[in-house]
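Same order as they appear, the protein sequences are chains A and B.
So that you can map any letter, position 68 of the first sequence is 68 in the working numbering, and since no number is skipped, the others follow by simple counting.
So that you can map any letter, position 307 of the second sequence is 307 in the working numbering, and since no number is skipped, the others follow by simple counting.
Please keep in mind that the hints were generated in silico from the structure rather than gathered at the bench.
Heads up, the beta-carbon is just placed ideally off N, CA and C, and yes, glycines get one too.
Among these hints, one or two may not hold up.
Said to hold, decoys possible - Facing chain B, according to a computed beta carbon distance under 7 angstroms, are these residues of chain A, among others: (1) M43; (2) A46; (3) M47; (4) L48; (5) H50; (6) Q56; (7) K71; (8) T74; (9) F102; (10) D114; (11) Q115; (12) S119; (13) M147.
To be verified - Derived pair list, reagent style DMTMM-like, types lysine to aspartate or glutamate, alpha-carbon separation capped at 20 angstroms: (14) A/K10 / B/E388; (15) A/K71 / B/D482; (16) A/K6 / B/E388; (17) A/K6 / B/E385; (18) B/K187 / A/E163; (19) B/K327 / A/E127; (20) A/K10 / B/D383; (21) B/K327 / B/E347; (22) A/K65 / B/D381; (23) B/K2 / B/E213; (24) A/K10 / B/E384; (25) A/K71 / B/E329; (26) A/K168 / B/E329; (27) B/K187 / A/E167; (28) B/K259 / B/E281; (29) A/K6 / B/E384; (30) B/K252 / B/D82; (31) B/K187 / B/E388; (32) B/K327 / A/E134; (33) A/K6 / B/D381; (34) B/K327 / A/D114; (35) A/K65 / B/E480; (36) A/K6 / B/D383; (37) B/K187 / A/E36; (38) B/K327 / A/D32; (39) A/K71 / B/E480; (40) A/K65 / B/D482.
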Amino acid sequence: MSLLEKMWAKLGPLHQHMDRLSYYQLLGVRPDDSGERIHEAYMRIAMLLHPDRHHQHRNDPVFEKIYVLFKRMTEGYQVLSNPMLRGDYDGGLRSGKLRYDFTGAKFVEAESLDQSCRSLEARELVEMGMKLEENGDLQGALMNFEMALGFEPDNHRLAMEIESLSEKLR
Amino acid sequence: MKAPVIGIDLGTSNSVVSVVIDGEPVVIPDETNRTIQPSAVSFLANGKIIVGYKAKERLLIDPLHTISYVKRLIGRRFDDPDIQKAIRLSPYPIVRGEDDFPRIICYDIDYTVPEISAMIVRRMKQIAEKFLGVPVEQAVITVPANFNDFQRNETKLAGELAGLEVLRIINEPTAAALAYGYKRGEKMTIAIYDFGGGTFDITILRLNNTLFEVLSTAGDTFLGGEDFDRRLLEYMMVAFKHQSGVDLSNDKMAIQRMKALGEKVKIELSDRKRVKAQVKELTTGADGPMDFNFSITQEGFRERCSDIVERTFEVCDEALGLAGIRKREIDCVILVGGTTRIPFVREMVELHFGNSAFREINPDEVVAIGAGIQASILGRDFDEESSEQLMQAPLLLDVTPQSLGILTVGGMMDVVITRNSVIPTEQTRYFTTAYASQDRALIEVFQGESRNARENLKLGEFELNGLSVDERAKIGITFEIDTNGIVKVRAKDDVTGAEQQVQIRLNTSDGRTIENPWM
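With the hints as constraints, model all of the structure from the sequences given.
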């Protein structure tokens, strides 16, 4: 069996049920996974399924099917990797909407960390943390960000920052 | 031996071709061992066409039949200000074609812009074939990141006219990053600062082992080396007026000569602290011919132009914002484009990006090498390989640099695909009739960032015919940006499941109307 066929054997069901799966299911991640995790998952998918990988077989009918699936996964990644869109999507998902409605979507350019805070408490802590980070005190910055997250557990942008900062410290 | 896929940097001034052999990128030399070919085409009276060095030599001997800088014309309509500017400067006639795109006339034959470009591509193909000893059939060609849909399509067309299947159109800064990061196996964030003659681009990219992920790209199509030339020209005019009391602002001939001098001075200032120049008999005054003596230092040049460089930093900040990262997270900055050869530009960029390391790579060959690497990615057949090998092979994940949208109520742009989306990507919009008797609708497609659709570039329009009068029926139109960054439009089955007879026509850049291949 060729590589493409082997892949299709696994991906066929996913393709077939594409319209009944959430972005989380399509990307193989959990709804409470961090932005970092979602990024890793999509990158792995891209390494295997991106059309450039199978360019020599672009006339194979399986190629087209995998391409369609990959585009849907990319759509999922685009939404889940943007904290703002992800928040909206999660809201819709609770009422059963599996795809994000891009009509009239506000594509907010990546928020700065302090702008992502809704509460005054969190914002003050984040501002303090950003100053510490600027001065090279990553440990202190991390502590501030974690405290801020205590006020806003659903702040994805902040959670992402904490994740990347703790990785740097490791 | 199966012919490898080649990578071509089809540049404004020069073109370069490369290929990857046994995993190693090779820049292909011509018969005389030169790797860089001037992007010039010269027509001889006997019907022969010559390309490259020999054509460039003829620029001065036979300017009427020697064409250069054709890349500035590609994918632009005749009314485009850049075409109008080219017409004023070019010695050969450029006229309006039936399709509103320009035609270049040589010996009474009119050529489209892609036809001329194809002659350069054909020469690069020939060089590669001689070197490899096999016919070459497929290629990857580079374009500036800010090239729009028309420009990408016409570049692709040029490749096809040269007898090549164009597997991919790839952005130049991205190609530069591929060349830099290939086989490096590191984890780093790279900024490609691409400052050319007429445009500025910044691309931010994350490298993780073999995966190249473009985070954002931003640019200014009206910012480039020409702005420096203009400043120098203004300075020279003031200096001449000071010297002689003569105002040259209406003397076109003298302005041309000063401009040429300015370009030379700019280049010489890259190596020298001070440049002195003279133009003999620049103009004729009351007492006969007047010479112009001029001198400028690097510091003087910097003082007059540093604000232009500052403007590039605003674009850099925009790209950083789009990528969601901070300046100090950039690990290295790669400089591309002729304008980055100016010493104070390098200094200012270095200062702006702080401690991020500068990387020196051959600026003339780096884009072609990247194209060659992308070519080898597309040419590789993984069928006998394992998914582990797939995970270790290089891959480029690119984004679309411009938003795609449709005209909506009040002239506003309804963004269908936002810029910086990972490509390939697609979005579907549903259309219903506004009132019962309406059975057709005109959809106009635009590319750009202005909220006012008409301020963006119109790619084309298509009409939806035979819309159902059933008010629940909707027609889904899917807009796709493929891996080349090229826009495709197709009709989708309507939500009720019934087949809709819709006809879609999207005007192509060469004015032909194509039937939608999906229908």
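Problem set entry | Contradicted hints - numbers only | 10, 11, 12, 13, 23, 25, 38
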